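**Q** I would like the entire structure built from these sequences, with the hints used as guidance.
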Amino acid sequence: MSTAISPIAPVGVGAGTLKAQDARSRRRILRDNFWTSLCVGLSFLTLIPLFSIVWLVLQNGLRLLSPAIFTQLPPAPGLTGGGFGNAIQGTLIMVAIALALSTPLGILSAIYICEYEPASRLANSVRFVAKLLTGIPSIICGVFAFSVVVLTTGTASALAGGVALAVLTLPTILLTTEQALLGVPKALREASYGLGATRFQTIFRIVLPEALPAIMTGIMLAVARAAGETAPVLFTAAFSQYWMRNLMEPTASLSVLIFNFSTLPYDYQIQMAWTASLVLMVLVTATNVASQIVFSKRKR
Amino acid sequence: MPEQPDSTGRTMGKVRRRLDLFLVITWLMSVAAVVTLLWIVVSIVLPAWPAIQKTGLGFFTNTAWDANRDRYGAFPFLVGTALTSLIALCIALPLGVFIALFLSENFLPLGVRQTIRFVVELLAAIPSVVYGLWGIAVLIPIVQKFGGLLSDRLGFIPLFKGPVFGNSTLTASLVLALMVLPTITAISRSALVAVPKTLREGSYAVGATRWETIFRVLLPTAAPGIVAATILAFGRAMGETMAVAMLIGNSPRLSWSLLSPGGTLAGLLANQFGEAKGLQISALMYAALALVLLTLVVNMIGEAVLRHAQKVTAGVR
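Chains as they are written, first to last, in my numbering: chain A, 3 to 302; chain B, 155 to 471.
Check before you lean on any hint, since a few could be wrong.
On the chain B side, residues computed to face chain A include the following (Cβ under 10 Å) [claimed, not checked]:
no.	residue
1	Arg267
2	Leu276
3	Ala291
4	Phe369
5	Ala399
6	Gly428
7	Met439
8	Met454
Pair ranges (Cβ atoms, derived) [said to hold, decoys possible]:
no.	chain 1	residue 1	chain 2	residue 2	range
9	B	Arg461	A	Pro69	48 to 54 Å
10	A	Lys133	B	Val199	18 to 24 Å
11	B	Gly265	A	Gly80	22 to 28 Å
12	B	Ile311	A	Phe53	31 to 37 Å
13	B	Arg461	A	Gln23	44 to 50 Å
14	B	Glu355	A	Arg207	23 to 29 Å
15	A	Gly80	B	Val451	42 to 48 Å
In case anyone wonders, no lab produced these hints; they're calculated from the structure.
Computed from a predicted structure; not experimentally measured.
Note that beta-carbon positions come from the ideal geometry of N, C-alpha and C, so glycine has one too.
**A** Dropping the structure here:
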């Protein structure tokens with residue numbers, strides 16, 4: 003396994019020192035082998051937590067998995083039976099609200115900073131702000147939505163949760179769209195202009211169709227991230243035992259259900275948290291994998 | 155093709171008007187994107203104002219957080235945030251650098267390395283709340299089991315003083331280490347890969363072994379990138395909320411021991427916002443403001459170091 007390179011003895015070594023040289027070479031090789039095995043060993047060590055997580059989610063999650071879990075309402079604390087259909091509904095609706103807000107904002111401003119005024123002060127500010135937004139903690143998106151929506155409307159709601167997730171997804175969509183647009187060859191634009199197309203026509207008929215797969219990848223990555231987040235929706239959408247009937251009432255989500263049920267002292271609820279984790283992880287992983295497929299199709 | 159610009163003057167005018175309108179729309183959206191960040195800060199500062207006026211800078215040094223008596227001090231949560239993030243980095247930094255070395259060297263065939271890289275990337279895709287659930291099931295029993303050993307042997311150090319709790323700063327730090335590992339690995343790896351091949355070849359040519367080359371040539375050259383990775387990971391660790399809130403015990407009492415319950419700023423927000431009223435909301439907004447400013451500053455430093463690092467390696471080449 004180890005591929006240590008044996009050191010070469012320096013030039014002009016006397017016969018008497020050869021033995022010492024030899025011992026030192028062996029020590030150096032030994033030291034190399036030690037570090038190599040440590041490095042390889044530690045790298046494989048990281049597999050353990052991941053396998054442990056996947057294993058526990060599968061083992062505990064599959065136990066309650068049934069069609070009913072997707073269609074029924076959660077049981078009251080201490081009771082058994084039921085499902086978390088309303089949490090799946092809530093997660094999907096809030097992610098949809100988030101996308102409805104962040105996709106136009108992200109894509110249109112990416113078009114501005116890429117196609118219209120790439121070197122302007124505004125474009126540089128947009129890039130800087132997007133970078134900063136990727137770095138702010140996700141719970142701050144929740145605090146923002148709490149202040150802007152919950153405090154003004156007086157209630158936790160799917161709308162507030164959606165706004166929080168919109169702020170969370172905005173930088174991802176903006177930055178990936180910018181990269182997607184940058185990936186469109188300049189020659190295509192020039193050919194379009196050469197045929198007499200306007201800038202608007204070039205953007206809509208040439209650049210955007212060409213960049214669409216990469217933009218879709220960005221949107222899917224944003225969806226995967228938003229669906230898995232708990233902190234932004236925890237106190238903006240809060241939780242509900244019932245189906246969502248309008249956008250202005252507390253709404254359940256998969257991630258908040260996992261958080262709430264994991265701290266309850268009832269076995270059944272904890273089992274349910276594991277099952278919800280399984281559903282959530284399948285959702286997130288499927289979206290991630292789908293985005294990769296879309297992306298690799300583009301490259302082909 | 156109805157919008158052919160060279161057909162008639164009228165069509166051209168129409169096209170140009172639409173074009174201008176689209177430019178205006180995209181310009182407005184760009185302004186809105188920039189305004190979002192300012193809006194976030196303003197939306198936190200305004201509700202935080204009553205608490206800022208009432209507690210002032212004492213907010214950051216007071217040790218009591220008592221909503222019943224309307225006394226708010228965030229010092230224990232600042233300590234908890236710093237402590238968990240630092241311990242997490244102490245664990246994740248050596249691990250992440252070793253994995254980055256493993257991925258950039260050729261100890262094992264490419265297929266194996268790509269598998270490990272994929273696995274580390276998967277770690278980043280797991281929702282934080284699932285980490286929390288896993289931590290409750292796996293990490294808490296482990297800490298309960300081995301924490302006693304730690305406090306018996308090293309109890310004279312304040313950091314390891316007993317009694318031992320499962321919901322503790324150490325448990326939260328362990329899960330944080332796992333969560334920032336992908337960040338450190340990915341950035342360190344690209345820093346190592348960016349080191350010019352000629353440097354490595356030169357080192358081999360003068361007789362250095364592989365690890366002598368790694369320690370004396372590759373790591374020093376990639377050091378700025380690894381430092382940037384560490385700073386950015388620190389920023390992530392400070393803001394991480396759910397897994398920490400589920401494992402740390404959320405005690406408002408100041409404690410320097412890793413084995414007793416603690417609290418972080420993000421965890422405080424997650425726990426108390428739902429039921430907060432009156433001045434408590436304001437105090438929580440103040441804490442959120444502190445968290446935003448801390449993470450913004452740390453991330454800006456990290457990005458600056460990263461940009462510097464990329465320039466340095468470009469210069470070496």
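**Q** Give me the numbers of the hints this structure contradicts, sorted from smallest to largest.
**A** 11, 14
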